[in-house]
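Taking the hints into account, I'd like the entire structure generated from these sequences.
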Amino acid sequence: MKTYYNPDDLKKFSKIGEFQKPLADKFFSYYGDVFKEGALTEREKSLIALAVSHAVQCPYCIDAYTVDSLEKGCDEEEMMEAVHVAAAIRGGATLVHGVQMMNKTKEVSM
Amino acid sequence: MKSLLKQKNKFSDISYQLEVLKEGVTSQGLPHFSSKLVESDLFPLQPTGLDVFQINMGKMCNQVCAHCHVDAGPDRKEIMTKETLEQCLVAIRNSSIKTVDLTGGAPEMNPHFRWFVEQVYKLGCKVMVRCNLTIIVANKKYYDLPEFYKNNEVEIVSSLPHYSSKKTDSQRGDGVFDKSVKALKMLNDVGYGIADSGLVLNLVYNPSGAFLPPSQEGLEKQFKRKLKKDFDIEFNSLFAITNIPISRYLEYLVASENYMGYMEKLVNSYNPSAAKGVMCRNTISVGWDGFLYDCDFNQMLEMKVSVSKKQQHVSEFELDSLVNRSILVNEHCFGCTAGAGSSCVGEIA
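In order, the protein sequences belong to chains A and B.
The opening residue of the first sequence carries number 1 in my numbering; numbering runs sequentially from there.
The opening residue of the second sequence carries number 1 in my numbering; numbering runs sequentially from there.
These aren't lab readings, by the way, just hints derived from the structure by calculation.
Treat the hints with care, since some could be wrong.
[As the list claims (entries may be wrong)] The calculated lysine-lysine pairs, modelled on DSSO-like cross-linking and capped at a C-alpha distance of 30 Å, are:
hint: 1; chain 1: B; residue 1: 140; chain 2: B; residue 2: 150
hint: 2; chain 1: B; residue 1: 150; chain 2: B; residue 2: 228
hint: 3; chain 1: A; residue 1: 36; chain 2: B; residue 2: 221
hint: 4; chain 1: B; residue 1: 265; chain 2: A; residue 2: 12
hint: 5; chain 1: B; residue 1: 185; chain 2: B; residue 2: 221
hint: 6; chain 1: A; residue 1: 11; chain 2: B; residue 2: 167
hint: 7; chain 1: B; residue 1: 2; chain 2: B; residue 2: 166
hint: 8; chain 1: B; residue 1: 166; chain 2: A; residue 2: 45
hint: 9; chain 1: A; residue 1: 36; chain 2: B; residue 2: 167
hint: 10; chain 1: B; residue 1: 22; chain 2: A; residue 2: 21
hint: 11; chain 1: A; residue 1: 11; chain 2: B; residue 2: 22
hint: 12; chain 1: B; residue 1: 140; chain 2: B; residue 2: 228
hint: 13; chain 1: A; residue 1: 12; chain 2: B; residue 2: 22
hint: 14; chain 1: A; residue 1: 15; chain 2: A; residue 2: 26
hint: 15; chain 1: B; residue 1: 166; chain 2: B; residue 2: 140
hint: 16; chain 1: A; residue 1: 36; chain 2: B; residue 2: 228
hint: 17; chain 1: A; residue 1: 15; chain 2: B; residue 2: 22
hint: 18; chain 1: A; residue 1: 45; chain 2: B; residue 2: 140
hint: 19; chain 1: B; residue 1: 182; chain 2: B; residue 2: 166
hint: 20; chain 1: B; residue 1: 229; chain 2: A; residue 2: 36
hint: 21; chain 1: A; residue 1: 26; chain 2: A; residue 2: 36
hint: 22; chain 1: B; residue 1: 150; chain 2: B; residue 2: 122
hint: 23; chain 1: A; residue 1: 45; chain 2: A; residue 2: 21
hint: 24; chain 1: B; residue 1: 228; chain 2: B; residue 2: 166
hint: 25; chain 1: B; residue 1: 265; chain 2: A; residue 2: 11
Structure (structure tokens):
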């Protein structure tokens, strides 16, 4: 059955350079540097990536950063808390627009 | 839970395991381990010496861990005899071996365990015991093991896959975490793991699933912080070990449909520096029946050392032929060379 997402496509990510190599090279070099230990540990970065993967709803990223978080020594509780951070921000982002709705309602109401 | 052997599971058949290992690389177009060694200028793999004498004292164990490469358990009756242990002592005495590493099963279940530890200690070798912790609290006859270890300056190496009971029990069996905590406290009480006591207690982490271990250094800090905070437990070092795709772990990988992905990851994570430092280069592994192997994993795959047939047994231990042998490799060896590498004492690269 054909689907829009194929788990095997994740392994082909590096092949995006086939169509535009210089930009792909720059991206992967930057990507590698971003995830290196810096002011934040690799473990912390992996949990951030896991949370963002859920926020942007990328199934490839969720698969990749679930395993990566486990391989950085994170446990299930920590990983689910990271997902809740993403959910809270997404939920908050929806709800904070409620203020705009309230403003507009008051503007057009007697 | 029964051993694979008792269950008559097809993964208890060595030739079947070797077939699955071969398929894991060939069907995915991945290189063989031997060809990676050729690329690294390490083929044939040869010993750098012989420092560690690892003895599997028997396959009997009080636990049945989901990932066990020995397929150990209470239903395994293979136990090293006193005669074989005496032959081991002769071999140790006639060589430059510095460390005697006792494993199993639960080595403490061998009836000659204490006698043997005392003999090796008298020879001036460091004795390491791969203690599963729960054996200490399994029966009152084992309650004094911490004192016994202390008296013989035994270095303890114990598996604790996680500082949470959920993850440890999922791999090692229900209730194992709580019993392990109790045993760790007993070891701490006699001085094991306590700074400046000289009594070494090292823990071993291995992943509870189809993924690679984290960096040893970061994980050790995490384990130390959590075990101290939650249980007031101390230990010396944490060894992060990769699960080798043989026996029960191989069966788990195949049954959970993680096998191909895991092999691909191991092969793609091949690290030439780790290959250079693999433990089989300075270790000999002795099986419960006295036969010699390059490592504990080759032992479980019944790949005896590549020397003359007669010299494959500890009774005919011949140091020169052993240090000049070629080490036998197969696709499971990718487990020891992935990423930071893996050995019985954790990372190697």
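Assess, step by step, whether the Cα of residue 15 (chain A) is no farther than 30 Å from the Cα of residue 22 (chain B), and give holds or violated.
28 Å, holds
Next pair to validate is residue 140 (chain B) with residue 150 (chain B); report whether the Cα-Cα distance is within 30 Å.
18 Å, holds
30 Å limit on alpha-carbon distance, applied to hinted pair residue 36 (chain A) and residue 167 (chain B)
Holds, at roughly 27 Å.
Does residue 21 (chain A) lie within 30 Å of residue 45 (chain A) when you go C-alpha to C-alpha?
27 Å, holds
Checking one constraint from the list: CA of residue 36 (chain A) to CA of residue 221 (chain B), max 30 Å. Satisfied?
19 Å, holds
Sort out whether residue 166 (chain B) lies within 30 Å of residue 228 (chain B), counting only the CA atoms.
18 Å, holds
Restraint status (C-alpha distance of residue 182 (chain B) to residue 166 (chain B) at most 30 Å):
16 Å, holds
Are the Cα atoms of residue 166 (chain B) and residue 45 (chain A) separated by 30 Å or less?
Within the cut-off at roughly 25 Å; holds.
Would the pair residue 26 (chain A) and residue 36 (chain A) pass a check requiring their Cα atoms to be no farther apart than 30 Å?
Within the cut-off at roughly 16 Å; holds.
Can the restraint linking residue 229 (chain B) and residue 36 (chain A) be considered satisfied, given a maximum Cα separation of 30 Å?
Judged against 30 Å, a Cα distance of about 29 Å means the pair holds.
Verify the proposed pairing of residue 140 (chain B) with residue 228 (chain B), using a straight-line Cα cut of 30 Å.
27 Å, holds
Are the Cα positions of residue 265 (chain B) and residue 12 (chain A) separated by 30 Å at most?
15 Å, holds
Violated hints, in rising order: 10 and 18; the structure is consistent with all others.
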